[in-house]
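Asker: Chains A, B and C, in that order, are what the protein sequence lines are.
Residue numbers for the first sequence, in numbering that gives the first Met the number 0: 0 to 253.
Residue numbers for the second sequence, in numbering that gives the first Met the number 0: 0 to 543.
Residue numbers for the third sequence, in numbering that gives the first Met the number 0: 0 to 379.
Quick caveat, the hints were computed from the structure, so don't treat them as lab data.
Just so we're clear, the structure is a prediction, and the values are computed from it rather than from any experiment.
Hints may contain errors.
Claimed, not checked - Below, simulated DMTMM-like cross-link-like pairs (lysine to aspartate or glutamate); rule was C-alpha separation at most 25 angstroms, straight line:
(1) K248/B / E445/B
(2) K1/A / D509/B
(3) K1/A / E29/B
(4) K357/C / E339/C
(5) K11/A / E29/B
(6) K1/A / E182/B
(7) K323/B / D377/B
(8) K11/A / D509/B
(9) K1/A / D489/B
(10) K61/B / E298/B
(11) K450/B / D170/B
(12) K11/A / D513/B
(13) K11/A / D310/B
(14) K1/A / E343/B
(15) K61/B / D525/B
(16) K1/A / E519/B
(17) K1/C / E92/C
(18) K223/C / E305/C
(19) K92/B / E130/B
(20) K223/C / E285/C
(21) K223/C / D243/C
(22) K1/A / D525/B
(23) K108/B / E182/B
(24) K11/A / E298/B
(25) K214/A / D166/A
(26) K323/B / E148/B
(27) K11/A / E26/B
(28) K1/A / E26/B
(29) K289/B / E10/A
(30) K1/A / D513/B
(31) K223/C / E376/C
(32) K248/B / E298/B
(33) K223/C / D166/A
(34) K323/B / D159/B
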Amino acid sequence: MKFASGGRRLEKLAGANASSARRVSVPRRWRTVSAGADPWSERTVEDMPQLRGRRASVVREVAQQTLLFPATRLVASPTVIGAEDLVHAPQPAILAPNHESDIDTPLVLLALPHAWRARTVVGAASDRFYRKRGYAVASGFWINTFPFDRGGGQRRGLAAAAAHLRDGLNVLLFPQGTRGAGPDGYRHGVAELSLMAGAPIIPVHIEGSALVMPKGRGLNRRAGTRVTFARPLQPRPGETPEQLTHRLHDAIEV
Amino acid sequence: MTIAPTRMIERTKRRHPAAEREACVVEVHEHSPPTLFHSGESFRLERLPVGSRIVYPPPPLKGLVDVDAAIATALDSPLGMDPLDALLRPGMKLTIAFDDISLPLPPMKTPDIRGRVIEHVLERAYRAGVEDIHLIAALALHRRMTPAELRRAVGDRVFDEFYPERLYNHDAEDPAEIVSLGETPHGEAVELSRRAAESDLLVYVNINLVTMDGGHKSVAVGLGTYNSVKVHHNVHTMRHSRSFMDMHKSELHQSAGRQGEIVEAAVPIFHIETTLNNDMFDGPLSFLAKPEARWTAREQAAFAALKRTTDRMNPKLRRAAFHKSRAPYAVTGVTAGAVAPVHEVTLERCAAQQAVGVRGQADIVTAGLPYVGPYNVDSILNPVLVMCMGLGYFFNLYHGVPLVREGGVMIFTHPVTREFHPVHHPSYVDFYEEVLATTTDPVEIEQRFEKGYAEDEWYRHLYRTSYAYHGVHPFYMWYWGAHALQHLGDVIFVGGDPEACRRLGFRRADTMRDALEMAEQVVGRDPSLTHFHCPPLFYAQVSE
Amino acid sequence: MKALTYTPTVAKYVATRAGLPGAGALELTDVRPPRAPGPDWLPVRPTLTGVCGSDLALISGKASLQLATLTSTPFVPGHEIVGTIGAGPRRGERVVVQPALGCLVRGVTPPCAECAQGLPALCRNPIDGTISAGLQTGYCRETGGGWSEGLVAHASQLHTVPDDLSDEDAVLVEPLACALHAARMADVQPGEHVAIIGAGTIGLLTLAAVREAAPSATLICVAKHPGQQTAARRFGADDVCTPDRVHIEGARITNSRRLVGHLGRELLLGGFDRVLDCVGSGASLEQATTITRPRGRVVLVGMPGELKADLAAAWLRELELRGAYGYEHDFPRALEFARELKPGRLIDRGWPLRAFRKALDHAPKAARAGRSKTIFEIAA
């Protein structure tokens, strides 16, 4: 049936016909039950670049200095070595610490000088930090993360990191890829990124964090930690990622 | 020869009534604007399919310039009877009966025409030396009029002088006040108000709003009782009134005519019948009678404002606002004298204002039901009254054949809320809950339930002392639509309350498009559609 | 005739520096038309006159006080003039005025070394001769200036405008000549990396001039406002960036390393071969020194005020700082170049003289949108 379609102005002025019966409103979010993990949605939340803006950074810095870092210092009592030499290291660079616990990132961030920390973004595993919106916002705010697709989506993750490097930001990536992988667990992704982007890698050694906040448990006990910054590693021309990873492993584990 | 300047030469446009009336039937094309549908106490704008017809009411005729002069002329030179002055003599018993609040709709602006006519009659009566004068509101089984309503109908001066001993409502259930006048040759009982039957002269002041009113129906039905009314207010009579707006084809009117002859033989009756134009909407809202395509931008904005305001208003406030509206009806004619010639003239005048020729019936007829009918002035249009408005009145506003074909569908827009006025319509509540819950077949309803309600003591008490409609009244509402129930294939209410529609036995839809789709299942694909753009009141002269 | 006259006093200068509202030193007055000081002088009726950044700096009190010794007040500003000759055999000829008042114009013989080399803008005798002191037309009491209905100019100052060059393009010939001169000062070799800081009129014209001088060089333009970035690309920049990202982009383009120090001071180890500073502020100069390679050249094109700049990098990197002011033989070249470059598209709008306050208020705002030039329309 074709209906008359003139008189638009009258229709628009007069508005819709008032519905008499109050209908049951459709609930805004259907409560669903999901059976098992959805293989298509490993990362449901996208990156939030607004948390890297001017004002957000100022708020973040204040929040970190007043809340996060004092708490970290309280539980981890860190000793920082080599931070003064970072002023000689060119930016942008890739910070590559070893990874034992979740307190590693706050430790590195508080060890960095302000000139570095204000220009550093942290790669956080998207399948761990970017599943729920709340966690994504929290990690994006507190430790300035961006979603890094690890495992099969590593190409995407490294490409995202390369984009940040191109923008002049330092990127904090863990070469082991996960916590507690041990000295043999160094993957080649960080080296590939360095070779691709031409950015130097700054090896960071974190000692003693596994006792403070081990994997699988929250805060365990207070203990002393040590964060050591080594000299930047420049990727040599013609170097393979495996060689660079080996150099990195040596620089960290020394 | 002087050459008059052009502006002084009045060129009157020759009006062609036939052409005008044809312009009342408009076809919807692609660029037509949406159509106004009344929907109870709100408005809707609905889009109709391309190719459907909209039947618009004729524009209102101009009223009489000097109403008093017209009344005087009518009283001095009546049709078929001696002038009123000749009929009046000192010491006679004079009774003046007049139409109740069910006319006109909406109530007209003061001064009410009934009051003006009554004042003329009384003036002549006083001059003739008549002292025994009673004024009766001829309401049959309708509800009694409140003092305020009586005041409005007859005017302040008459009210102050006559109320309450000599101005009162007709009481059909008072055994002392009823007199039986025998039976018609067909066996129909005739009962009348005692005061009216024993008068030397009965003057009836009538308003003819539609072609159903007036004639013998005024007195025979208006001053009758349940026993005299039930002979023609039944399913059989209603089903054979095709329609009751056309008195020549109406069983109802034939029966009332027979009763009327008996009444005329008993009492001399001086009928005064007045006709009104259909100028129903006051001042700034007069564009509601015009086709939507002719609305100017200002009128469109006015309508938009009106619609948005009424949509958002508190329902109680809205109801009060709507029921406060008064129609600026103008009187188009006053005739007096014997019932037959007077009513003929009256019907002609009604036709001149209201008749619209329509060629051919339609599969689907749509209409927007307004907020007020004859039985809910200052009251609530409950579901039973909605059915009466739609299937009783709107369906029957035709001469010839119904506008919708046999087996067709009628689609109405009305919210059909399940509200009942506790004072005015007490029997309706029980009718809805008890009778309609059991069955909706008019014949069965008549057989099983009517007698009980008609003779119920409580309802009788309320009718006599409170302002309630008679216990049997809801039944008559249902019979009013009996022909339509038989004739139609389906009835759909757009925007109607689902519970109420189900109880009434009808279907409902949320939007016009859904309703049309539902109707297509009954009448077939690509149905022909006619929209009956009423109110303002008019009727369709439908030819095959 | 009407003219905008600049009459500075100490009170007005202090008031302007303090930002107080008030009349300021510039007034629209009725003056007698300037008389020709000598036989070779011709009256010129300006058609269009440009508002230069130096004029704006002068009016707003930000110009360096050093220049006071080289100007004679009260004067009528305006040195970017295209007009018609008012009298004499060349009457009605459309000309562009080269504003430098050298020895030849002043009637000083023998001419100084610079004027003999053809550099009248660097004349050593701007205080001698038949007219009062003044580096240029527009800073001299006797000659009048472009912001009026008439001035006088020496015949050697007038360059005929070819017929196919519109008035709008012609009024920008003087800044274009400055830009061409700056490009020559920069002396860009093929394949070098050049940064041009600033994308106002001077910046964009310099960009075009450098592009024309060295088509194979890599040019990056540092433009603060987004509206200017498209203009920069159109005028020949390879890349455009904002001032806060210049070190990052510079590190990428020149393949150098970027060090970030305290308080956000950044430095490039390596950097551009040539940097032309067309802004003339302390921040831009400091930035210019930190992005230039050792022994690179920084050309100061823009009119400086009084600057506060940390020039440690200039010393450490052994940078060459060169000023570029005035013209050599650039006017004929500029007239030719203007034909293909069409610099008239930089003009935002023309104002009548009587609306000068609004024009001068509006000029910096317009500059941010990429239509950086404001001109006075004097004759129709």
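Asker: Going through the numbered hints above, which ones does this structure break? Give me the numbers in ascending order.
Answerer: 4, 6, 14, 15, 23, 25, 31 and 32
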